[in-house]
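**Student:** In case you want the letters, here they are:
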Amino acid sequence: MADCKLYYFNAKARAELTRYAYAFKGVSYEDIRFDDTNLKFEEFKSKTPFGSAPVLEVDGVMFAQSMAIARYVAREVGLNGANSLENLKIDMILDALYSDLFPLIINVFQGQTDEIKAAAKTKAVESIQKTFGNLETLVSGDYFLGSDASLADLAVFNLVNDVLPLLGLNMDEYTKISKIVASLRENENIKSHLENRPKTDA
Amino acid sequence: MKSVSLNDPLKYDNNECLVCKGNKNLLHLYCLSLIDTALTREKLLEQSIKTMADCKLYYFNTKGRAELIRLLYAFKDVKFEDVRFSETFKFEDFKHKTRFGSVPVLEVNGVFYAQSMAIARYVARELGLMGSSSLQTLKVDMIVDAISVDIFPHLMNIVWGSTDEIKNAARTKATETTKKILPALEKMVAGDYFLGSEVTLADIIFFTFNNEALPVLELNLDEHPKLFKISKSLKENENIKKYLTNPSTPQK
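Top to bottom, those sequences are chains A and B.
So in numbering that gives the first Met the number 0, spot 51 of the first sequence is number 50, and the numbers just go up one at a time.
So in numbering that gives the first Met the number 0, spot 13 of the second sequence is number 12, and the numbers just go up one at a time.
Since the hints were derived computationally from the structure, they do not count as laboratory data.
What you are looking at is a predicted structure, and each value in this text was computed from that prediction instead of being measured.
Honestly, I wouldn't trust all of these hints.
Straight-line alpha carbon distances no greater than 25 Å define the calculated BS3-like cross-link-like pairs of lysine-lysine that follow [what the hints assert, rightly or not]: (1) Lys166(B) x Lys120(A); (2) Lys178(B) x Lys44(A); (3) Lys96(B) x Lys46(A); (4) Lys175(A) x Lys96(B); (5) Lys62(B) x Lys94(B); (6) Lys129(A) x Lys94(B); (7) Lys166(B) x Lys122(A); (8) Lys234(B) x Lys186(B); (9) Lys225(B) x Lys75(B); (10) Lys39(A) x Lys75(B).
Part of the chain A face toward chain B, derived, beta carbon under 10 Å [said to hold, decoys possible]: (11) Gly25; (12) Val26; (13) Thr47; (14) Asp58; (15) Gly59; (16) Val60; (17) Ala67; (18) Tyr71; (19) Asn86; (20) Ile89; (21) Thr130; (22) Asn160.
For each residue, glycine too, the CB sits at the ideal point set by N, CA and C.
With the rest of the complex left out, here is chain B (with noise of 0.2 Å):
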């Protein structure tokens, strides 16, 4: 019997039941169950898309926290409200509003929620961006984590640190622990991409790791072939050189 993908062209052709190819006038209870699955799904899918457009994300008009958000949108090539602060709408007028007092927020449905990895693993998980398995997801936020969490830190304070020793300390932490992790992520890399052959959250922040915190720290993934793969990969994929090359895309 033939399984059912949700890449199957969801119609019936003529009397034939699509997926056992027999006359689909008879009952065919497990065939419509899989069918119903494969159809679930993607209704599931268009429906999380549909909720993930209406959101609106808010930030100041900078990448800072809320670049790895936007980025998930322009891959999956999802629109939405990609609110940022201005002269005109100032973040101290909006501040009251976040139920931290900080952005990112992303408004769902109304409400608003905080902290950009959460939010950022939230968005993936309903653009379908987080593995398709309680393991899987497992590695992608181990990946995720060594980026976000124990380098990301340092790499803000290398900016905006108070003083010049904090920035230099900042530095130094932030160029050994990329130096010792970026080996180790090189052997979880398991096909094109970290899971195998589907991007997911945790290409898509190493993308960004690459692209912002590398050149900064004078580090490079010469020695490091597929994690230099997956950052080319994402460099040339029309979504993302579409919004890289737009010119309302923040710069810095």
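Bound conformation, chain A alone (with noise of 0.2 Å):
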């Protein structure tokens, strides 16, 4: 099978998931920046399925959503569960994080006031601690699911080293998902990603 193209903005945000599957699995694909000379987003957008990104092309098909292609990713390099009951397992940390979560996280940034970002932040941070202590109970061995990394654990990852340092918070007093994401950063291919990644903001 041809690589596979992802195409997003210069930025971590909703793409960078995917990103971890591939460095972590080793597998080659082609990581597709937009900018502003030689790939324009406004002009790209007609080719995609909804007029937004990111976008994956399998063999010259576009397939859009983020977290369809993180989990298609994932099927395709290994990083998907043994069976259904642990996809299942997978798919309830993975909403917890990135449909919880994330939204909640962007309405901090996205506040028209000071005042409405503060709000939003307190909401956030309370909705952060809720969901963490829960997922805290969900660590089964070493990882997610037991003894392998899993999709699961690069989306705590994600979390934990990218999004939550933006609202100044860090994950320690939840030692079973701190030992998770310390041992993803000693893993050679994610420190490999981590320093050859393009620096961006978010």
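Got two chains here, separate frames each, mind docking them using the hints?
**Tutor:** Here it is as structure tokens:
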């Protein structure tokens, strides 16, 4: 199968989970980022399914929706569960992080006034603490599923390493999750990805 | 050599090999392996359906975030325990058992799983409604997320938003996004249904979206005949009709 092409802005945001999946398993792909000279998003938009990004091009066909893409790549590189029930567990964790928390975190940065931003931050922090408390109980070994890392672990790594620091949060009090994050940070492939990826704010 | 499909009757007539029609007294290892695969797949599907039938879904006596899951079961005509909170069985008393303090939860072999869309995908997968390849599942997921991730939260805010301002903003956002994705979804319909001839989670979530959301947003499918056809087919499906007309099915 030819290499897939991932198209996104020069940011981590909604594409980084997929990039982590490829990096962790050492599978190559084309990591294409929009810019003002070579590839403007405004000009590329009409080729995408919904006029949005990220999109993944597989054998010439474009697919949208960041989480659909992440799940697909996880299946292809071997970061999904060993059975359907494990995939339910992974999905439960992904949804808690990206469907529940991510939008609340975005609200903090997109708030129109300082007052709105402050209220959004309080709400986000409350939900983050509640969710992480729940997720901590789901770690069933070195990683969420047991002895092997899956997309769920990369997801929590994405949140803790890239997103929550933007709110000034660290998750040290969650010991099992912190252990997952530390293990992944020590992984050679992840280390290399962290060193080589473009430095972006978000 | 004839290829075996899941629909073939799995019994030996006379002394004839099901696959190659040769004399089955001879060793037919390749034929046997094909039959085994079909038998295995059929057994697995049977097993899946049995596991699914033993599951318990817990939610309020409303559609909300459980309706999609109930529809999946209804479409495949698989019974399950559809537990709904009531005066005698209150959510507040049950809450501590759910992993996240939220519902719906699905109890599978004594373990509780949360997150309505994760549950929906699991049930769909087990009932054979997620496509038959990884790429097909990607297409299904893409369509499902376009509705459940990009639009559904705004629909919830139209009803449950804490201020009129929030409700109105949600309505605008939901309408805008829907107008944008309907033409895109129309292009994705590959046959009678999104993937072609088989119904998947994508069609079922679209069916609920058309029924519940479009009227609220004052939109319709007049300009999208393929999407209209999907919704019409599912509306006329015997199993879905049976479920929707059942007096115990939540109306809102």
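**Student:** Which hints, by number, does the structure contradict?
**Tutor:** 3, 10, 11, 12, 15 and 22
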